[in-house]
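Protein chains: 2
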Amino acid sequence: MKDIAVWGFAWVPPFAQGLVRDLRVRWALEEAGLPYESRWIGIDQRTSEGYRRKHPFGVVPVLDSDGETMIESGAIIYAIAEQCDVLMPRNLRIETLAWMFAALNTVEPSLWNLFVIDQLKNDEAWTTLRRPGAVDEVRDRLAALSAWLEGREYLLGRFTAADILMATVLRFVRHTNLVAEFSPLDSYLKRCEARPAFQAALRNQAAGYVQNAPVAA
Amino acid sequence: MKDIAVWGFAWVPPFAQGLVRDLRVRWALEEAGLPYESRWIGIDQRTSEGYRRKHPFGVVPVLDSDGETMIESGAIIYAIAEQCDVLMPRNLRIETLAWMFAALNTVEPSLWNLFVIDQLKNDEAWTTLRRPGAVDEVRDRLAALSAWLEGREYLLGRFTAADILMATVLRFVRHTNLVAEFSPLDSYLKRCEARPAFQAALRNQAAGYVQNAPVAA
Chain A
1 MKDIAVWGFA WVPPFAQGLV RDLRVRWALE EAGLPYESRW IGIDQRTSEG
51 YRRKHPFGVV PVLDSDGETM IESGAIIYAI AEQCDVLMPR NLRIETLAWM
101 FAALNTVEPS LWNLFVIDQL KNDEAWTTLR RPGAVDEVRD RLAALSAWLE
151 GREYLLGRFT AADILMATVL RFVRHTNLVA EFSPLDSYLK RCEARPAFQA
201 ALRNQAAGYV QNAPVAA
Chain B
1 MKDIAVWGFA WVPPFAQGLV RDLRVRWALE EAGLPYESRW IGIDQRTSEG
51 YRRKHPFGVV PVLDSDGETM IESGAIIYAI AEQCDVLMPR NLRIETLAWM
101 FAALNTVEPS LWNLFVIDQL KNDEAWTTLR RPGAVDEVRD RLAALSAWLE
151 GREYLLGRFT AADILMATVL RFVRHTNLVA EFSPLDSYLK RCEARPAFQA
201 ALRNQAAGYV QNAPVAA
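For the protein sequence lines, the chains are A and B, in the order given. In case it helps, full-length UniProt numbering puts the first sequence at residues 1 to 217. In case it helps, full-length UniProt numbering puts the second sequence at residues 1 to 217.
Honestly, the hints are just simulated from the structure, not real lab data. Any given hint might turn out to be false.
DSBU-like cross-link-like pairs, simulated, lysine-lysine; straight-line CA separation at most 35 Å [to be verified]: (1) B:K190 <-> B:K2; (2) B:K190 <-> B:K121; (3) A:K190 <-> B:K54; (4) B:K54 <-> B:K121; (5) A:K121 <-> A:K2; (6) A:K121 <-> B:K121; (7) B:K2 <-> B:K54; (8) A:K54 <-> A:K2; (9) A:K54 <-> B:K2.
Cβ pair distances, simulated, as ranges [said to hold, decoys possible]: (10) B:G42 <-> A:G151: 25 to 33 Å; (11) A:A194 <-> B:E181: 45 to 53 Å; (12) A:R90 <-> B:P89: 21 to 29 Å; (13) B:G33 <-> A:D123: 50 to 58 Å; (14) A:A194 <-> B:G33: 27 to 35 Å; (15) A:E82 <-> B:T176: 33 to 41 Å; (16) A:P35 <-> B:N122: 46 to 54 Å; (17) A:R191 <-> B:G42: 32 to 40 Å; (18) B:R158 <-> A:R53: 20 to 28 Å; (19) A:G58 <-> B:P89: 24 to 32 Å; (20) A:R158 <-> B:D3: 26 to 34 Å; (21) A:T128 <-> B:P184: 38 to 46 Å; (22) A:E49 <-> B:P89: 43 to 51 Å.
Under 7 Å between C-beta atoms, here's a sample of chain A residues computed to sit facing chain B [said to hold, decoys possible]: (23) I71; (24) F101; (25) L129.
In this text the structure is predicted, and so the values were computed from the model without any measurement. For every residue, glycine included, the Cβ atom is placed at its ideal position computed from N, Cα and C.
Please model the complete structure; the sequences and the hints are all you need to start from.
Written out as structure tokens, the structure reads:
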């Protein structure tokens, strides 16, 4: 890959900063040592016809590289990982992909659901009634994941691309103490977030938000 | 792959029959012309210690092949597709994977949410309040997908593994008329479901439910 540009939202409110999914791609690129530029799309422009030509669902991230456009954080990260032993050693390809899908399709749904309840729709009456059951569903997944992580530094022992997806998924409930309830999981997330590549990705994403912040009235 | 066995739930109620995710793997194997056996796990045994050793989250599908265990429908299907041009031609690898992730991480969440509301939790009071917004979210994704499918027989023009995931995701709202509201989408789903491999997969899954049905009191 060369001439890489990553698309993210120009600005999001503080509760969402550090959670938007372009962070995953930035992190993977930092781990792989691949330089990239940032491109910003206004969150209100995401359904414009121009941007829909880039991404059919009007979401982020999109990665442009050498005239090609790629969508979906999972697929983009897999493509980067195929070229980078730090992210996916040859002998762990299928296991890495399995845990990438586990992060996005088995763990993310219940955690994202709680994020919606607490952060996106918290002014709607149904959320109060729904929340206790939604928290139970999160605990169920976190307990299973924590049991898996006992005695493992990362999902597959050593760090892989799957940890990028799992750690960023776990961050969707950073507004709660749910991860901290599970000691192996809590250590795991801290270990992931302490990686210099994660810190660099977070800084680059945040720099865009500072630069593009709406002017106070 | 050889000596393939696919794990699914032994029996589920009629509203869930034809929706459990082992169907995806059966469909992919049928498209690839790979023979397989069925293994059944009681839905109440899925959190047992024995089954957790097979699948950390206690869900299905699991694929056993030649002594190896694989989890996550997305990853299993990608592994099958790598060996089968019908499911993933070499020149469409990244695009196929992108649309596989789009099905599971961009489209499935809102459709699964409506399935939960209408089919799994419909005796809970919050669902009445939540439903209108949830339907809007489904329509938003379906409209974008339908626009993409205009003039395309399948997601990438020709059939790929991504269509297996997308079609099975669309089936989560089969209890509504939402897919039928979008003509290109409606034709697409019917086209996918008419494939002989889909029909064979559905028959094999249903045969297990007949064989394992609970005895009426």
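Comparing the hints with the structure gives:
1. B:K190 <-> B:K2: The given pair, whose Cα atoms are some 31 Å apart, holds under the 35 Å limit.
2. B:K190 <-> B:K121: Holds. K190 of chain B to K121 of chain B sits at ~28 Å (cutoff 35 Å).
3. A:K190 <-> B:K54: Holds, at roughly 27 Å.
4. B:K54 <-> B:K121: 28 Å, holds
5. A:K121 <-> A:K2: Outside the cut-off at roughly 40 Å; violated.
6. A:K121 <-> B:K121: 19 Å, holds
7. B:K2 <-> B:K54: Holds, because 19 Å separates the two Cα atoms, which is no more than 35 Å.
8. A:K54 <-> A:K2: The given pair, whose Cα atoms are some 19 Å apart, holds under the 35 Å limit.
9. A:K54 <-> B:K2: 40 Å, violated
10. B:G42 <-> A:G151: 25 to 33 Å: 29 Å, holds
11. A:A194 <-> B:E181: 45 to 53 Å: Given range 45 to 53 Å: holds, Cβ gap about 48 Å.
12. A:R90 <-> B:P89: 21 to 29 Å: 22 Å, holds
13. B:G33 <-> A:D123: 50 to 58 Å: 53 Å, holds
14. A:A194 <-> B:G33: 27 to 35 Å: 48 Å, violated
15. A:E82 <-> B:T176: 33 to 41 Å: About 39 Å separates the Cβ atoms of E82 of chain A and T176 of chain B, which means 33 to 41 Å holds.
16. A:P35 <-> B:N122: 46 to 54 Å: The hinted range 46 to 54 Å holds for P35 of chain A and N122 of chain B, with Cβ atoms some 51 Å apart.
17. A:R191 <-> B:G42: 32 to 40 Å: Hint holds: Cβ distance 37 Å, inside 32 to 40 Å.
18. B:R158 <-> A:R53: 20 to 28 Å: Since R158 of chain B and R53 of chain A have Cβ atoms about 21 Å apart, the given range 20 to 28 Å holds.
19. A:G58 <-> B:P89: 24 to 32 Å: 28 Å, holds
20. A:R158 <-> B:D3: 26 to 34 Å: 29 Å, holds
21. A:T128 <-> B:P184: 38 to 46 Å: Because 39 Å falls inside the window, the suggested range holds.
22. A:E49 <-> B:P89: 43 to 51 Å: 30 Å, violated
23. I71: 5 Å, holds
24. F101: Holds, because the Cβ-Cβ distance from F101 of chain A to chain B comes to roughly 4 Å (cut-off 7 Å).
25. L129: 4 Å, holds
When the structure is compared with the earlier hints, violations turn up for hints 5, 9, 14, 22 and for no others.
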